[in-house]
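What follows is the residue order along each chain.
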Amino acid sequence: MSSGDRLSRRNFVVLSILGAGSICLLYRCRPQASKWRFFTDPEALVIDAMAEQIIPSDEWPGGKESGVTNFIDKQLTGPYVRFQTTYRNGISALQESSKSLYRKGFEQLDAGQQISLMENMEAGKMKELQWKDGFDRQFFNMVRDHSMQSYYGNPRHGGNKNNMSYKMLQLDTPLITGQNRYNNLLWQIRR
Amino acid sequence: MANQKVNAIVVGSGAGGGVVAKELSTAGLSVVLFERGGWISYDDHPDDELISQPIAPLGTSCGPDDKRHRRVMVYPDGSSRVVLPSEPDYNNIAACVGSGTVSYAALAWRYMQEDFKMKSTYGHVPNSTMEDWPITYGDLEPFYEKAEWEIGVAGDDTQNPFAPPRKKPQPMPPFSHNKEARMLDEAARRMGLHPFPIPVLRNSVPYGGRPACIRMRNCNGYPCPVNAKGGTQNTVIPVALASGNCELRTHSIVSEVLVNDQGKITGVTYFDKDKRKKTQYADVVVLSASAIETARLLLNSRSRFFPRGIGNENDWVGRNLQGHAYPKAFGIFSEDVYDDLGPGSSVAICDFNHHNPGIIGGGYLGNSFFIRPVSFADTRPPGAKRWGREHKEFQRLNYKKLLKVHGPYQDIPRFDQRVDIDPAVRDFWGIPVARLLPSQNETDLEGCNFIAGKAELWLKEAGAVFTWKSPGTSRAVGAQSHQAGTCRMGNDPKTSVTDKYGRIHNAPNLFVADASLHVTNGGFNPALTIMANAFRIGGYIASEWNKGNRFK
Chain A
367 MSSGDRLSRR NFVVLSILGA GSICLLYRCR PQASKWRFFT DPEALVIDAM AEQIIPSDEW
427 PGGKESGVTN FIDKQLTGPY VRFQTTYRNG ISALQESSKS LYRKGFEQLD AGQQISLMEN
487 MEAGKMKELQ WKDGFDRQFF NMVRDHSMQS YYGNPRHGGN KNNMSYKMLQ LDTPLITGQN
547 RYNNLLWQIR R
Chain B
959 MANQKVNAIV VGSGAGGGVV AKELSTAGLS VVLFERGGWI SYDDHPDDEL ISQPIAPLGT
1019 SCGPDDKRHR RVMVYPDGSS RVVLPSEPDY NNIAACVGSG TVSYAALAWR YMQEDFKMKS
1079 TYGHVPNSTM EDWPITYGDL EPFYEKAEWE IGVAGDDTQN PFAPPRKKPQ PMPPFSHNKE
1139 ARMLDEAARR MGLHPFPIPV LRNSVPYGGR PACIRMRNCN GYPCPVNAKG GTQNTVIPVA
1199 LASGNCELRT HSIVSEVLVN DQGKITGVTY FDKDKRKKTQ YADVVVLSAS AIETARLLLN
1259 SRSRFFPRGI GNENDWVGRN LQGHAYPKAF GIFSEDVYDD LGPGSSVAIC DFNHHNPGII
1319 GGGYLGNSFF IRPVSFADTR PPGAKRWGRE HKEFQRLNYK KLLKVHGPYQ DIPRFDQRVD
1379 IDPAVRDFWG IPVARLLPSQ NETDLEGCNF IAGKAELWLK EAGAVFTWKS PGTSRAVGAQ
1439 SHQAGTCRMG NDPKTSVTDK YGRIHNAPNL FVADASLHVT NGGFNPALTI MANAFRIGGY
1499 IASEWNKGNR FK
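Chains as they are written, first to last, in my numbering: chain A, 367 to 557; chain B, 959 to 1510.
Simulated from the structure, these hints should not be mistaken for laboratory data.
Glycine included, C-beta positions come from ideal geometry on N, C-alpha and C.
Hints may be right or wrong, so weigh each one.
Stated by the list, open to error - Listed next, the in silico EDC-like pairs over lysine to aspartate or glutamate satisfying Cα-Cα at most 20 Å (straight line): (1) B:K1222 - B:E1271; (2) B:K1343 - A:D538; (3) B:K1343 - A:E462; (4) B:K1137 - A:D511; (5) A:K440 - B:E1045; (6) B:K1236 - B:E1205; (7) B:K1343 - A:D511; (8) A:K533 - B:E1351; (9) A:K527 - A:E431; (10) B:K1233 - B:D1023; (11) B:K1125 - B:D1115.
Unchecked claim - Anything over 10 Å on all C-beta distances counts as not near chain A; from chain B, calculated: (12) I1009; (13) S1037; (14) P1046; (15) Y1080; (16) H1135; (17) S1213; (18) K1235; (19) F1424; (20) W1503.
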């Protein structure tokens, strides 16, 4: 798709929103300008909360601050487009469970409650219908793996903000230090 | 405009095809070398642990791409699904000029004498098709030497008492050990084992007009930023192109081997980069598309003369798909063992490749390449937390204190572990895709545990304060980049696909030159053996051609 195509599509979307907006005003609703590519703002809060338990902040920043949600959101409109449904259904299932157990959204639970829910997902112990056929474990593992990829992977994909995990592991950054060695080596050869 | 007929077509520009194209074109044959990918440079994807070759969650570094390529994986429980190249179950090999030799670990092993005579050495194994190669180590030795000198190997086999005999040393001195390798080297000597520096297709000193290795952290899975890693793309393929006799046709997907109305192979059909279907005619066709894709191409080439696919009269094409299990052990040390002098994997022992009590074959053991942080997040002892505070702490405390020893375990070929054609799924070009089927027989768990146990003892002797091990086996097809065996060489046309020169029985001008030919796959990384065998086959075709043989 050329950038021209993309612009014209965006114009089209903007125009349709404007059109729909005038009707929406009657119902006091306004199309929300989410800063995310795929997630809605409430969905992003749930992923933030999960990421923060998967990689909690201690003396080093946790999953939320490092940009896990941004990474996942970005990949869901790229290589992970095939996981969009899993995320949408997973987040909604988690919210349902959280509300029926604690009468609160998952992002509002305390850390102990969040961890206990996530441990049950990991162990495949969620009882509710929406988790049937191992969906609890599948969704948990997906968020867990993607969080690790984000936190410990190359920052260019939207996570690992400021190389924070490399700094934590005391790896000099950028990850590859080849160029300085190459210069040394050239110097040796020339000598 | 129709393509002009040439003397030879080579399909695939990897370890096998790149070498064959060079041997044929420098001997005077006109050659078209087909490659499904293009030229790759380091700048296209700097070191990125999420876009590499063996670990590719966000896509492969050197192809194939997720958009156009598919395979079907069948699991031991009978279920199956469509898999993408970025998923481990795809068993990908890079799709670019040089193929796997652009991004490989570049370990330069010669198989041992026993590896060519597995049945004579160990006898018949029930439920297996284990057999001797139709050639011996001695037949291949001169070509190992050719591969080592033309592509460039750093190593010193005199330090390995188990190394098979050789006439000429490796051309470059071996790499020096980093801290972890020194520790393992000393520990192995204390144990009475025989450590030596791993031979690699990587320049330890400037060689072949290319500079020496800069010892980065990352290597396996990436192109080399300074061209110190030798593959076919920066050695033999440039020689082939410089001969003036070889045309490299990139972004071309070969879909079928053509057969005329006399049953003779006449060329191939392929799709060019704009998805236009074209034909190329030649006197000789050589398939070097890797074990899975070469088998797929033969099976997809059905005609009146070859109703089950070319070379498949006896249902042997695609059978005996092999790879390697990777028995391994991990050790945590009380102090840092990581010194950032990459890329790792420099010390090995061949004490357990053969003649182990009660097991068939075995494999070498050596230190692994540096584990990247994202893979380290999955490196935990059994029962450890996979996430949360404890997991993060483990990561922080042990990243520089952990050492991994592992090695490829000789696979036992099974007739029912195979590649066939999926009846429904097609790729972007409409070509039916490969389906991978697992064997009903388990990998030799006992043997893998034996090797993993040796790895663990080695780590303990080196000073590890905490260790754990894994047999590294899988019930599903895990042939990965070591995939081999699907077009076995043999003297008996009833139990093999090609003769000892890689020529398909009943198709005198159609050859195979890649790991598909391997009867068994050694306890080693197979790249140098693929190259050596390709030098042998390419040399044979060229010398016959120049004697006037047109393979009719």
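Subject >> Violations among the numbered hints, reported as their numbers in ascending order >> reply: Checked against the structure, the hints that fail are numbers 2, 3, 4 and 12, while the rest are satisfied.
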